[in-house]
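**Student:** Here is what each chain is made of, one letter per residue.
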Amino acid sequence: EPEVTQTPSHQVTQMGQEVILRCVPISNHLYFYWYRQILGQKVEFLVSFYNNEISEKSEIFDDQFSVERPDGSNFTLKIRSTKLEDSAMYFCASIVRAPPQETQYFGPGTRLLVL
Amino acid sequence: AQSVAQPEDQVNVAEGNPLTVKCTYSVSGNPYLFWYVQYPNRGLQFLLKYITGDNLVKGSYGFEAEFNKSQTSFHLKKPSALVSDSALYFCAVSLSAGGYNKLIFGAGTRLAVHP
Numbered sequence: 004e005p006e007v008t009q010t011p012s013h014q015v016t017q018m019g020q021e022v023i024l025r026c027v028p029i030s031n032h033l034y035f036y037w038y039r040q041i042l043g044q045k046v047e048f049l050v051s052f053y054n055n056e057i058s059e060k061s062e063i064f065d066d067q068f069s070v071e072r073p074d075g076s077n078f079t080l081k082i083r084s085t086k087l088e089d090s091a092m093y094f095c096a097s098i099v100r101a102p103p104q105e106t107q108y109f110g111p112g113t114r115l116l117v118l
Numbered sequence: 005a006q007s008v009a010q011p012e013d014q015v016n017v018a019e020g021n022p023l024t025v026k027c028t029y030s031v032s033g034n035p036y037l038f039w040y041v042q043y044p045n046r047g048l049q050f051l052l053k054y055i056t057g058d059n060l061v062k063g064s065y066g067f068e069a070e071f072n073k074s075q076t077s078f079h080l081k082k083p084s085a086l087v088s089d090s091a092l093y094f095c096a097v098s099l100s101a102g103g104y105n106k107l108i109f110g111a112g113t114r115l116a117v118h119p
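Protein sequence lines correspond, in order, to chains A and B. Quick note, the first sequence lines up with residues 4 to 118 if you use the numbering used here. Quick note, the second sequence lines up with residues 5 to 119 if you use the numbering used here.
Honestly, the hints are just simulated from the structure, not real lab data. Be a bit skeptical, because a hint or two may be false.
[Stated by the list, open to error] Taking lysine to aspartate or glutamate pairs in the EDC-like style, the calculated list, with each CA pair at most 20 angstroms apart, reads:
#1 K53(B) - E6(A)
#2 K81(A) - E105(A)
#3 K81(A) - E56(A)
#4 K62(B) - E56(A)
#5 K60(A) - E47(A)
#6 K81(A) - D65(A)
#7 K53(B) - E105(A)
#8 K81(B) - E12(B)
#9 K26(B) - D58(B)
#10 K45(A) - E12(B)
#11 K53(B) - E47(A)
#12 K45(A) - E21(A)
#13 K45(A) - D13(B)
#14 K86(A) - E56(A)
[What the hints assert, rightly or not] Restraint-style ranges between C-beta atoms, simulated for each label pair:
#15 P11(A) - A111(B): 37 to 47 angstroms
#16 N72(B) - T79(A): 34 to 44 angstroms
#17 L116(A) - S64(B): 29 to 39 angstroms
#18 A18(B) - P73(A): 47 to 57 angstroms
A virtual CB, placed ideally from N, CA and C, is assigned to each residue, including glycine.
So that you can see chain B by itself, here it is in the shape it has in the complex (with noise of 0.2 angstroms):
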């Protein structure tokens, strides 16, 4: 079964250290990886994606997330965090199903930044 997972459930950081926030993947094909952001009461807000070529993506807000075929890893980074980076974290995986894609998200990752 084609999934995605975040052995993470909270991540705390120091602001101004760096953040990793972890998650694997498991699919068939090509996998087209994404990496969305919830603020509380907001909706899922994109970040960044990967669909092929340069294994490290550049996203917003300073966040880049790092492609690793060999460990199915798409981990998300950013050099230094900042206390306004505290939010749920989600990685997903677009799947292809009859010419229609759908996401498939981990079960979210929350990022805390002490100050």
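Just chain A, same shape as in the assembly (with noise of 0.2 angstroms):
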């Protein structure tokens, strides 16, 4: 069965360091998806990506963060100048299509601790 798989599954960074989270997405789904889940917090959306461009966005998804489809299979999560407070579980999730019936598929997740 297809899955979204997620690189590193574990980064530690220094405060200010620019660190890029790695996602491979099913392979025919056409939506991206990132969310955080700070611990112990609930699961928070952070942008959604649709024809390499960004359709929507949250308040946490500010100027430090990036979003890029590099190529036909990656999809990727840049924060530029890491906080402490970046650190949180990030998911990468894909969909096949956009409308909110349909379910989205969430990788295993990429542990960011920003020391």
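Two chains, two separate frames, one set of hints: put the complex together.
**Tutor:** Encoded structure:
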């Protein structure tokens, strides 16, 4: 069964450093998402992406964040200058179509720790 | 504001007993409701969803959920709990924004099934 994959599974970085989190969505999916889960808190929407453009972003997704689909398979989330409060589990999700009744499929997550 | 509430941080159940994990929602328009499960150090796994039609939805691993429009609830149920069901359960509502959907999650409920 096709899966969303994410690398790395864990990332430790120093405050102020740039990190890139990588995701490979399910191959025939066209819509891509990043969500964040700070330890002990709810999963929060960060950004949605379609047709090489951001379709929606949350208040969390400020200028320090960017997303890209550099080739036909990868979908990346970049944090330019990490802050302590960026420490969280980051989930990628993908979906084949946009309507709200469609199921989003999530990757296993990348646990980011900013020191 | 559109939101999802999971009133219980933790639910404790003895193995073999029925379980219920509660979820209520507040959305405008038709609600598209989802349950996801998160096992330790794993991603979010889709369990089931309500789109329309039958109020009782059956999903993976013997779980089902009952949609109640008048009570704006979507409680997750299982007739006989297993120790392996112990995990973190998230209720979510899918919102359509500008033609693209995103998930709004509840805070999560930790289910502990005791032998």
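**Student:** Output the numbers, in ascending order, of every earlier hint that fails for this structure.
**Tutor:** 2, 4, 12, 14 and 15
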